[in-house]
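Trainee: As a plain string of letters, each chain reads:
Number of protein chains: 8
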Amino acid sequence: MSVFLKNILYKIQNNEISIEDAVKEIDKMYYYNLEYAVLDTNRQFRKGFPEVVFCQGKQKDHILSILRKLIELSDNNILATRANSDIYKTVVQEIPDAEFNPIANTIIIRKRKPMGIGNILVISAGTADLPVAEEAAVTAEIMGNNVSKLYDMGVAGLHRLLAQSKKLLEANVIIAVAGMDGALPSVVAGLVSNPVIAVPTSIGYGANFSGLSALLTMLNSCSPGIGVVNIDNGFGAGYLASTINHLATS
Amino acid sequence: MSVFLKNILYKIQNNEISIEDAVKEIDKMYYYNLEYAVLDTNRQFRKGFPEVVFCQGKQKDHILSILRKLIELSDNNILATRANSDIYKTVVQEIPDAEFNPIANTIIIRKRKPMGIGNILVISAGTADLPVAEEAAVTAEIMGNNVSKLYDMGVAGLHRLLAQSKKLLEANVIIAVAGMDGALPSVVAGLVSNPVIAVPTSIGYGANFSGLSALLTMLNSCSPGIGVVNIDNGFGAGYLASTINHLATS
Amino acid sequence: MSVFLKNILYKIQNNEISIEDAVKEIDKMYYYNLEYAVLDTNRQFRKGFPEVVFCQGKQKDHILSILRKLIELSDNNILATRANSDIYKTVVQEIPDAEFNPIANTIIIRKRKPMGIGNILVISAGTADLPVAEEAAVTAEIMGNNVSKLYDMGVAGLHRLLAQSKKLLEANVIIAVAGMDGALPSVVAGLVSNPVIAVPTSIGYGANFSGLSALLTMLNSCSPGIGVVNIDNGFGAGYLASTINHLATS
Amino acid sequence: MSVFLKNILYKIQNNEISIEDAVKEIDKMYYYNLEYAVLDTNRQFRKGFPEVVFCQGKQKDHILSILRKLIELSDNNILATRANSDIYKTVVQEIPDAEFNPIANTIIIRKRKPMGIGNILVISAGTADLPVAEEAAVTAEIMGNNVSKLYDMGVAGLHRLLAQSKKLLEANVIIAVAGMDGALPSVVAGLVSNPVIAVPTSIGYGANFSGLSALLTMLNSCSPGIGVVNIDNGFGAGYLASTINHLATS
Amino acid sequence: MSVFLKNILYKIQNNEISIEDAVKEIDKMYYYNLEYAVLDTNRQFRKGFPEVVFCQGKQKDHILSILRKLIELSDNNILATRANSDIYKTVVQEIPDAEFNPIANTIIIRKRKPMGIGNILVISAGTADLPVAEEAAVTAEIMGNNVSKLYDMGVAGLHRLLAQSKKLLEANVIIAVAGMDGALPSVVAGLVSNPVIAVPTSIGYGANFSGLSALLTMLNSCSPGIGVVNIDNGFGAGYLASTINHLATS
Amino acid sequence: MSVFLKNILYKIQNNEISIEDAVKEIDKMYYYNLEYAVLDTNRQFRKGFPEVVFCQGKQKDHILSILRKLIELSDNNILATRANSDIYKTVVQEIPDAEFNPIANTIIIRKRKPMGIGNILVISAGTADLPVAEEAAVTAEIMGNNVSKLYDMGVAGLHRLLAQSKKLLEANVIIAVAGMDGALPSVVAGLVSNPVIAVPTSIGYGANFSGLSALLTMLNSCSPGIGVVNIDNGFGAGYLASTINHLATS
Amino acid sequence: MSVFLKNILYKIQNNEISIEDAVKEIDKMYYYNLEYAVLDTNRQFRKGFPEVVFCQGKQKDHILSILRKLIELSDNNILATRANSDIYKTVVQEIPDAEFNPIANTIIIRKRKPMGIGNILVISAGTADLPVAEEAAVTAEIMGNNVSKLYDMGVAGLHRLLAQSKKLLEANVIIAVAGMDGALPSVVAGLVSNPVIAVPTSIGYGANFSGLSALLTMLNSCSPGIGVVNIDNGFGAGYLASTINHLATS
Amino acid sequence: MSVFLKNILYKIQNNEISIEDAVKEIDKMYYYNLEYAVLDTNRQFRKGFPEVVFCQGKQKDHILSILRKLIELSDNNILATRANSDIYKTVVQEIPDAEFNPIANTIIIRKRKPMGIGNILVISAGTADLPVAEEAAVTAEIMGNNVSKLYDMGVAGLHRLLAQSKKLLEANVIIAVAGMDGALPSVVAGLVSNPVIAVPTSIGYGANFSGLSALLTMLNSCSPGIGVVNIDNGFGAGYLASTINHLATS
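Protein chains in written order, with numbering that gives the first Met the number 0: chain V, 0 to 249; chain A, 0 to 249; chain C, 0 to 249; chain B, 0 to 249; chain W, 0 to 249; chain L, 0 to 249; chain F, 0 to 249; chain D, 0 to 249.
No lab work stands behind these hints: they were computed from the structure.
Every residue, glycine too, gets a C-beta built ideally from N, C-alpha and C.
Please note: incorrect hints may appear among the correct ones.
Simulated pairs of lysine-lysine, DSBU-like, Cα-Cα distance not exceeding 30 Å [stated by the list, open to error]:
no.	chain 1	residue 1	chain 2	residue 2
1	B	K10	B	K110
2	W	K27	B	K165
3	A	K165	D	K23
4	C	K23	V	K148
5	V	K165	D	K23
6	B	K110	A	K27
7	B	K165	W	K10
8	A	K165	C	K23
9	A	K165	C	K5
Listed next, the stretches of chain D that the computed footprint assigns to chain A, with coverage defined by at least 3 CB atoms under 8 Å from CB atoms of chain A [to be verified]:
no.	region
10	22 to 36
11	39 to 48
12	56 to 62
Just need the whole structure built from these sequences, with the hints factored in.
Mentor: Encoded structure:
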């Protein structure tokens, strides 16, 4: 944000812009009204990271315009979630720096060098949980955190998890992703003293009721120290982990 | 049942009973019609154990009459579940042999010497799950099985469970009782090759929705080899374990 | 597993492998880390049957690699569930022994001669329940059990079931599969003394709520001796039946 | 109703009442406005039976006044459901003919001789279903039907039911009452050609979810010819059975 | 059924069949075992109408074989529900008499002349409820009942319904079909004394939860005399109405 | 509010209060911080009516203090909902003007003369819905509206409602209160052009699921022009009706 | 409607029509019976706006015929909701004046000049809520109201909403549309004194359960003055807002 | 824990204890087996805080024994939740240092001086949420954190919250407690960059479904940076906040 502001102030100093126009420009740092969306351009200031674009249910041209405006008004990295290869094709034609992760279904535009502070561990119960786990990992990484991963660590074969105790203990925050019985976060939180973020996934069938089983398991965990996010909400977990990890390393 | 039948046949032999009356008596081995209940007196023959009395919602005098008739018509042990001390007081006045378990809320009348075959292990996640775990244990024991117990083995402190691996491996059947996150059966079934019966309990609050959380967890377990019974259904688990254990030892 | 281990030990004896490399190989018997999955290669040892591949939501090349590695590291039969003809085409090109069951949607690779111990009976209420019933049958068969079948035995025409009493009484374990009202297991368990595994299916419409009606019926059965598995979980039923049947015949 | 009307017309003939007052009285045959309730006095005419008083949640003095007014304005029997002994004490002091059924929780006032037409059979799965079954039986009987009863006929001991086939086949309508798995109506409707009214009860615990399990089973029955009423709604079943039985015998 | 039986008996008389073969043929009147289905050929005898084929989830060749066998073994009309034009094409090639109703999605084969007894009225709340209403009408008609129809009679424009009072009062049974608020059966049952069968449909969106709203409304109707069937179960309503109408006219 | 403000300004004019103290007093018009509650004293200004006290779950002394402070800081009427006679006894000792309505469970303190603008009609389906209907009526009346009432107008006896058409058409807003099938608002909204506020109640049993049935019915009404409030929320309905009626008469 | 009636009366005056035919024509003002639908042609008279066509689940030719008949019989604007471009193509060929809104999925035919009375504000939480918000806006506009809009005003960036306070305060009615957490109506209703109509949308995923989360939030709002409509029911909100706005400006 | 260990080691040094007995004592640092409970005495080591006693459903003498043993084996503070004054009376007789908080229903025994690190803010929406908010505050305080509180900050009067922006921004972690619409955490998380822990409460009635409404709102928040705990789980929120705050200040 500061880059954007400094540029305006320099222009005033150099008489390249009138005071009236400068005020209009600075107003954009509050919110920016597109026809179909009102960008919360102030969010970087309040929350430390610019508005993230939730692509699901948005038109491709709208996504493109929003991304462009965010790039213009922010000097931080940009993240779009729930994208697909079709959206990406439209975006990359105009924003060649945009990167697509086909498992996480994310688009990112890097405007800052990777900081890589602290240590967030993403752990998943099964291979089918990968899209959610990767969304969490991409989110945390683009927000400037070191991210390590341990996948397919379900409690049906507990020795796989116990063999990784060291990695569990080293993490500032652990994001535990699981569908079906959703038991992984309970076991993980029983082993560590740092916060655990539990992400239920919709993986499974029948009485998993699209993730309800894992969600309820996690909300009722007998291990304390767990915060739960929405079903399949890898983004929310990565974001929350980042706020905690930044606190821990500041 | 055979005792009841033999007595009638002896009476015929000794001319103590007419053929007509003998037929009436033998008919009682099929079903016996009280005014308010039709005893399935044939159940011992079909299922290997006489009808079990579910006390909840029945009047005390009805329970007493049913127990008396079962004692008369069966030579196996008798079990009544979901009783209370009030019901027991009524019962024990007329049936002095009746024993009450105030945690399991069961009444039993022993007509056979303990057989103690095989090995059923009842394991519970928390102290509050005791009534359900004890109902399972009493049921399995009265049906002629050896029963051992491990209580308060929740996955929040996994080392307590792992320290008991030997007992887990020795059991023919394991009954795993848990409320809240209901994660215990998944972990147990990951460690053993014998069948695990999972019993969800209503212990917990809020989004446990009176046991729904534990029930769904168990139905969606990522560990194979688990059969689930109704919430708080210790009796059903003990009964099913007994059928399996009897198969295993026959 | 022993075949794999013996081969390594022979190689050491014959100086065909260094101690360091032998240790690495033996480590594979604990777990084996692919990039996207961590095979629980120890499961055959703990549970008596190797890890089963749940194909739903996995990429075809991942399924193929996992199957190959399981074949390499195990000397038991291999089972993959929730496959389809598309996956099978990819698999069979590289693993010509793979067999596909298009009703059960299973892929199997036989490494052991059929043992055919004991007697598991799979019984279904309707013709539409076939895919679930067949998944149960394939699972039990590949795990070394004798399996017999009775389909379309719904309680709307009870005489069809009663005519098969002999088969019901001969089975060590009965797997009763039903959708809609899910009443079949209650009736079956009322007739036999051996354990019954109830499998609710999602067959039906409207207030069946994708199998919830059958699931609740089975959990609340008035006949004791029933263990319930997840909706449409033929695999889980076949697996549990196998653990019980193996106990019964050992 | 006709008695009430005739009395007014006689009074006009005898000049005991003015035309204005007679109109006011006849208006009462349409509806009658008490302060807290508007009696549908026209219901006897439209539906063939006067309004039934649902006592739950009503004040005792209101119930009494409503009953008195119904007695005054109707020449048919009067029924109040969901009453209790406390309400009855208040009622019987002023209406000595009132009869209380402490199992069905009904109050009746007989104004017609029992007609006893046709044949309605009430059948219940368990002893605990009695209050609902009795409410159905009392309702059908007071509406002028012959009612016979078979209690404790649950499918766990199917021979009890099959032994009563003759009674099942003789009934014009069968009311099948069941809690827990609610499987009884499916089995009954498979045996007869006449209509079956299924009444789920809230009997059970855990995943019966206060009668939901039995309700869903009955709605999803694989046997055709079943109509379902609300959980614990014995009154509704008795009423519907009466409309059918009256049709059958008219 | 009698036609089938008589033919066999004639053959015996004429020595066209051995006693052994005759027994085998007569056995088919009990049940007939196809590979994938066990036809309840006894149902015509018990229930007065042969087994109805539920096409959903069945293979086309199976449906065809079942229909052929039913035609062979029954002398009553044949009904298949939840069919489609694709299934019909397969069927009609071999069974040219088969008729398809593209709104009701039914296939019928007429073997008896229309009896047209009594009077069943099918009434629907909206135009979108037509497929369910038509399934009810076709079912009732093929079972030998007179059927009349009133569609688009929703309570938002009550005068449309009140204008048809005469038709409501003339019917032996009314089938009231409604989605969304499901209020129609309550209003209809308030106007008539004969039984009303309520059919909730899944028509609507949002908090109709695929028909749950209409189902609950109908189960909780404040008008007595209503029996409810499953969501979208036009067949079940038509069948139940037929059993009642046959009673009324016998 | 203005009375409170004027008093302070007069005191300044008369030098009865320092500027510092006046500021502190005026601050109370924004919000007022009690230890256990923060009164939104600004609400009268924003919403036109002061904060309403929801008594459920609050301690009696807290309720008393809150009421006193509201009386001090507001010149409008004061309303407390979900009270009981016990709370009222505590309140009336210190606030003798407080009035209790034992059906609506409301406490009111009148500080303004009744305005009685416009015309709000409260209509209920049954006698048992009275507490909710009365809460709506009391709320609307204390907020300055004319309120008329029609109780026990359920759709089972439609003629009772149709006889009141004139009253329905005269109302600016109709509050329609119903439990069980909740069909009343659909029928009412089909007859009038003004807005209808639908209030589901928890009256009923079984599959009414504590008011869910009526709630879903009302949300899915086929009649347009309906706004729904929470189950049993008479207060919310009265408040919303008041905002509409005030608009209509301003 | 009056135009239609006047034309008939003129024809009588001019002897262009017989009295018999005139009566038939005037009868159409009550209801009009198409084969598949019964148009409530009286609705304009009772409700002030003609029947609105709900296209979902209707055949294209039926929709076309219904629209034509409504155009013939009404002199008000015509609205069809839940249409699509395919339906529109069929309609516009025969009704060239028909206009399609591809976001709101509405078809309108204008027969009156825009009145534009009062002031209804439609406010949405996110860009993805647009289809529902637009359906509300189109409905309110075609019913003769001034409509203004504020989109993407979610509570995550509250300053966007607070910056629009003036617009909030100027509206007679506010329609607040939100998915996910559904918090917007609570915040809006806390700021204004006029009625707020809350529209939950199905936007979101996981534990939003297709709009249930937003629906429950809105029903439980801590701000009074809110009426809720069905999930995604923009039409219902626009209609209700219109009835209120018309009251306010009459 | 170290105090306990040191004492044993000193005793060995001083020959006050045999090696065998010392091993037994040190074993208690792993887990300690009471008859009815297995204390996870190792938890202080793994999680940084000893096991917390959940009193609900436990017998008073069991709670007392568990507390005594925890006091003996730990040198950290001790916490018991979901207690009541009755339990406290039993406890305080033997443990005079025990302190009871009658709003939070907690018992604490302080063994360490308050550390008061960092800054956790507990904020509640309403006065009725106090018990849950206080449970969170007590938990965080006893675990060594500075805790500040802001109660009755519901979004219906947003200015109360905005006036406290400074306190919001100063907190390392915010615990936001709300029932009914549960909107508070969404608004709070929109204003700050640090993590927010959302606690839904069961406060409300009707369609709040015992806290489900608030739970779903919080899981679907449009503001990122939120972790959710179980309904009414103040303890879980306080514990999670403590782990985050300790990370932030370490």
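Trainee: Against the 30 Å threshold, does the CA-CA distance of W:K27 and B:K165 hold or violate the hint?
Mentor: 24 Å, holds
Trainee: Please count how many residues of the region 56 to 62 of chain D have a CB within 8 Å of a CB from chain A and say whether that reaches 3.
Mentor: Holds: 3 residues of the region 56 to 62 of chain D have a Cβ under 8 Å from chain A.
Trainee: Would you say the region 39 to 48 of chain D counts as covered by chain A, given the rule of at least 3 residues with C-beta under 8 Å?
Mentor: It holds: at least three residues are needed, and the region 39 to 48 of chain D offers 3 whose Cβ sits within less than 8 Å of chain A.
Trainee: Keeping to a limit of 30 Å between CA atoms, is the pair of B:K10 and B:K110 held or broken?
Mentor: Cα-Cα ~23 Å, so holds.
Trainee: For the pair we were handed, C:K23 and V:K148, check the Cα-Cα distance against 30 Å.
Mentor: With a Cα-Cα distance of about 23 Å, the restraint between C:K23 and V:K148 holds, given a limit of 30 Å.
Trainee: Against the 30 Å threshold, does the CA-CA distance of B:K165 and W:K10 hold or violate the hint?
Mentor: Cα-Cα ~33 Å, so violated.
Trainee: Against the 30 Å threshold, does the CA-CA distance of V:K165 and D:K23 hold or violate the hint?
Mentor: Holds, at roughly 28 Å.
Trainee: A:K165 and C:K5 were given as a pair; does the straight-line alpha-carbon distance stay at or below 30 Å?
Mentor: Holds: A:K165 and C:K5 sit about 27 Å apart, inside 30 Å.
Trainee: When I compare C-beta atoms, does the region 22 to 36 of chain D have three or more residues closer than 8 Å to chain A?
Mentor: holds (count 4)
Trainee: Decide if the proposed pair is consistent with the structure: A:K165 and D:K23, CA atoms, cutoff 30 Å inclusive.
Mentor: Holds, because 20 Å separates the two Cα atoms, which is no more than 30 Å.
Trainee: When you check the alpha-carbon spacing of A:K165 and C:K23, does it fall within 30 Å?
Mentor: Roughly 28 Å separates the two Cα atoms, so the pair holds.
Trainee: Is the straight-line distance between the alpha-carbon of B:K110 and that of A:K27 30 Å or less?
Mentor: Violated: B:K110 and A:K27 sit about 43 Å apart, past 30 Å.
Of the numbered hints given earlier, the model fails hints 6 and 7; all others are met.
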